[in-house]
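Participant: Read off the chains here:
4 protein chains.
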Amino acid sequence: MSELGEVTRHRLVVRFVETDLMGIVHHSNYLQYFEAARVEWLKARGVSYDDWVRAGIHLPVVDARLRYQRPARFDDALVVAARVAEVTRVTVRFSYEITREADGVAVCDGETRLACVGQDMRPRRWPAEVARLLGS
Amino acid sequence: MSELGEVTRHRLVVRFVETDLMGIVHHSNYLQYFEAARVEWLKARGVSYDDWVRAGIHLPVVDARLRYQRPARFDDALVVAARVAEVTRVTVRFSYEITREADGVAVCDGETRLACVGQDMRPRRWPAEVARLLGS
Amino acid sequence: MSELGEVTRHRLVVRFVETDLMGIVHHSNYLQYFEAARVEWLKARGVSYDDWVRAGIHLPVVDARLRYQRPARFDDALVVAARVAEVTRVTVRFSYEITREADGVAVCDGETRLACVGQDMRPRRWPAEVARLLGS
Amino acid sequence: MSELGEVTRHRLVVRFVETDLMGIVHHSNYLQYFEAARVEWLKARGVSYDDWVRAGIHLPVVDARLRYQRPARFDDALVVAARVAEVTRVTVRFSYEITREADGVAVCDGETRLACVGQDMRPRRWPAEVARLLGS
Chain A
1 MSELGEVTRH RLVVRFVETD LMGIVHHSNY LQYFEAARVE WLKARGVSYD
51 DWVRAGIHLP VVDARLRYQR PARFDDALVV AARVAEVTRV TVRFSYEITR
101 EADGVAVCDG ETRLACVGQD MRPRRWPAEV ARLLGS
Chain B
1 MSELGEVTRH RLVVRFVETD LMGIVHHSNY LQYFEAARVE WLKARGVSYD
51 DWVRAGIHLP VVDARLRYQR PARFDDALVV AARVAEVTRV TVRFSYEITR
101 EADGVAVCDG ETRLACVGQD MRPRRWPAEV ARLLGS
Chain C
1 MSELGEVTRH RLVVRFVETD LMGIVHHSNY LQYFEAARVE WLKARGVSYD
51 DWVRAGIHLP VVDARLRYQR PARFDDALVV AARVAEVTRV TVRFSYEITR
101 EADGVAVCDG ETRLACVGQD MRPRRWPAEV ARLLGS
Chain D
1 MSELGEVTRH RLVVRFVETD LMGIVHHSNY LQYFEAARVE WLKARGVSYD
51 DWVRAGIHLP VVDARLRYQR PARFDDALVV AARVAEVTRV TVRFSYEITR
101 EADGVAVCDG ETRLACVGQD MRPRRWPAEV ARLLGS
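Residue numbers (my numbering), protein chains in the order written: chain A, 1 to 136; chain B, 1 to 136; chain C, 1 to 136; chain D, 1 to 136.
Calculated directly from the structure, the hints in this document are not laboratory data.
Quick caveat, the model's predicted, so the values are computed rather than measured.
Please note: incorrect hints may appear among the correct ones.
Said to hold, decoys possible - Here are the simulated SDA-like pairs of lysine to any residue, each with C-alpha atoms no more than 20 Å apart in a straight line:
#  : chain 1 : residue 1 : chain 2 : residue 2
1  : A       : K43       : C       : A102
2  : D       : K43       : B       : E101
3  : A       : K43       : C       : K43
4  : D       : K43       : B       : R100
5  : B       : K43       : D       : F74
6  : A       : K43       : C       : S48
7  : B       : K43       : D       : M22
8  : A       : K43       : C       : S95
9  : A       : K43       : C       : R132
10 : A       : K43       : C       : D75
11 : B       : K43       : D       : R11
12 : D       : K43       : B       : F16
13 : B       : K43       : D       : V7
14 : A       : K43       : C       : E101
15 : C       : K43       : A       : R15
16 : B       : K43       : D       : K43
17 : C       : K43       : A       : M22
18 : C       : K43       : A       : F74
19 : C       : K43       : C       : S95
20 : B       : K43       : D       : R15
21 : B       : K43       : D       : E101
22 : C       : K43       : D       : M22
23 : D       : K43       : B       : D75
24 : D       : K43       : B       : R11
25 : B       : K43       : A       : K43
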């Protein structure tokens with residue numbers, strides 16, 4: 001059975017430093033929130049960064065898409081739901097939905113696609129156990 | 001005469017803090033590079049943030065799209081070319097191309113769409129002089 | 001009874017973006033960790049940022065001191081212990097100790113001093129209830 | 001002849017993302033500005049990060065001290081003056097003064113001490129040519 005589509009939720013509280021002079025979370029921070037949730041998704045399935053390194057692979061982001069729906073503010077508790085949206089032989093696409101914990105309001109959603117590359121930054125196929133984990 | 005499509009170039013040198021443990025620029029930084037180039041685009045046309053504030057408008061980013069082509073590294077000099085790609089009554093879309101100064105290699109490209117909103121964060125039409133500037 | 005010296009602990013997990021190409025947490029991030037713990041200290045005592053704003057005061061950092069003992073790494077769980085070290089009529093000094101949760105190893109310690117200023121960024125005395133809270 | 005005390009100046013323009021909801025540059029950014037100036041200091045003397053790596057050494061920051069004098073704001077042009085303040089067999093201390101370019105107003109000053117360590121993060125003496133460069 002594939003785990004494709006299973007969601008992991010990451011909770012975070014907006015830091016002061018993440019706001020800008022408009023008084024809202026700067027839009028570049030959401031890529032960092034996405035990443036934290038992606039790490040959590042992997043950790044929940046027993047995969048750590050050290051495992052990638054031991055397998056001799058890196059996972060650079062190759063593209064990203066974000067839609068900002070409502071501004072988040074300092075000290076807001078946010079929930080980032082992450083799931084795998086698509087897996088190919090050399091890439092994986094995660095999708096994300098960020099909501100405000102207090103009232104469930106949609107704050108931001110988006111996607112990032114990551115490539116499987118070796119130490120030389122050239123594409124390579126997923127190791128078998130990773131492919132299994134990602135549900136491909 | 002419309003200025004639509006005119007390019008402004010912003011040069012920057014990658015900071016140490018902008019790298020991550022893969023040894024490359026973290027992908028969230030490119031939204032910050034895009035923004036710096038957008039500010040430069042506006043400044044080159046005589047518009048400063050204070051002007052927006054005086055006009056009672058904010059310009060939050062409402063969506064973004066990035067494509068990472070080649071990793072940039074610590075101390076790389078990068079050139080961010082920014083231009084206006086589309087203007088509607090309440091939004092403007094900027095597009096960006098980042099190249100490595102030394103050899104012109106394409107590093108990252110993308111787009112951000114910004115909305116014209118009032119202090120209350122609700123959409124409003126561009127002030128006339130801004131509309132003119134943006135080439136709409 | 002003064003709360004001077006009482007400790008609040010803030011737990012965080014190191015984000016990927018917070019590392020640098022040395023593979024360790026970039027040293028500028030610790031000021032952000034200190035701040036998150038300071039916010040937690042205040043929240044634990046019923047004070048939110050909105051309260052400062054309503055009271056018409058800002059709390060800019062006027063000096064900081066950090067000592068980096070051991071590097072923290074991606075995905076390390078860290079505990080930031082914050083307490084008030086000194087209060088004067090117009091400033092408060094917080095001190096911090098960051099340890100690695102897994103083994104209690106000291107990672108970083110330091111202090112930040114904040115000034116009480118009005119909207120005009122000029123020093124002013126603490127409002128009475130804040131002075132009480134800070135234990136002065 | 002020792003270069004001890006010679007100053008290198010690094011110019012930068014405050015990015016929007018570097019501000020916070022107080023409308024001023026977040027205090028953690030100054031460590032990043034210090035670092036950019038330190039890199040420039042070294043580059044001006046022919047030293048690049050690749051040279052450190054080839055020499056098998058890292059330069060983690062072991063302590064830092066900052067004094068915030070006046071807030072800097074979005075789009076301010078700042079000048080960071082960096083110089084070597086002290087060199088020991090295994091450390092170097094840089095000092096920094098940041099001023100606003102437009103009027104020379106002092107914005108922030110401080111110091112960072114860096115240790116010479118090997119790949120294993122243990123202290124080691126400066127390579128001879130580095131010691132010479134640092135003026136020890």
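Participant: Determine for every hint whether it applies to the structure shown.
Facilitator: Structure-based check of each hint:
no.	hint	result
1	K43(A) <-> A102(C)	16 Å, holds
2	K43(D) <-> E101(B)	17 Å, holds
3	K43(A) <-> K43(C)	30 Å, violated
4	K43(D) <-> R100(B)	19 Å, holds
5	K43(B) <-> F74(D)	13 Å, holds
6	K43(A) <-> S48(C)	33 Å, violated
7	K43(B) <-> M22(D)	23 Å, violated
8	K43(A) <-> S95(C)	33 Å, violated
9	K43(A) <-> R132(C)	44 Å, violated
10	K43(A) <-> D75(C)	10 Å, holds
11	K43(B) <-> R11(D)	18 Å, holds
12	K43(D) <-> F16(B)	13 Å, holds
13	K43(B) <-> V7(D)	31 Å, violated
14	K43(A) <-> E101(C)	17 Å, holds
15	K43(C) <-> R15(A)	13 Å, holds
16	K43(B) <-> K43(D)	30 Å, violated
17	K43(C) <-> M22(A)	23 Å, violated
18	K43(C) <-> F74(A)	13 Å, holds
19	K43(C) <-> S95(C)	17 Å, holds
20	K43(B) <-> R15(D)	13 Å, holds
21	K43(B) <-> E101(D)	17 Å, holds
22	K43(C) <-> M22(D)	19 Å, holds
23	K43(D) <-> D75(B)	10 Å, holds
24	K43(D) <-> R11(B)	18 Å, holds
25	K43(B) <-> K43(A)	45 Å, violated
Consistency note: the structure conflicts with the earlier hints numbered 3, 6, 7, 8, 9, 13, 16, 17, 25.
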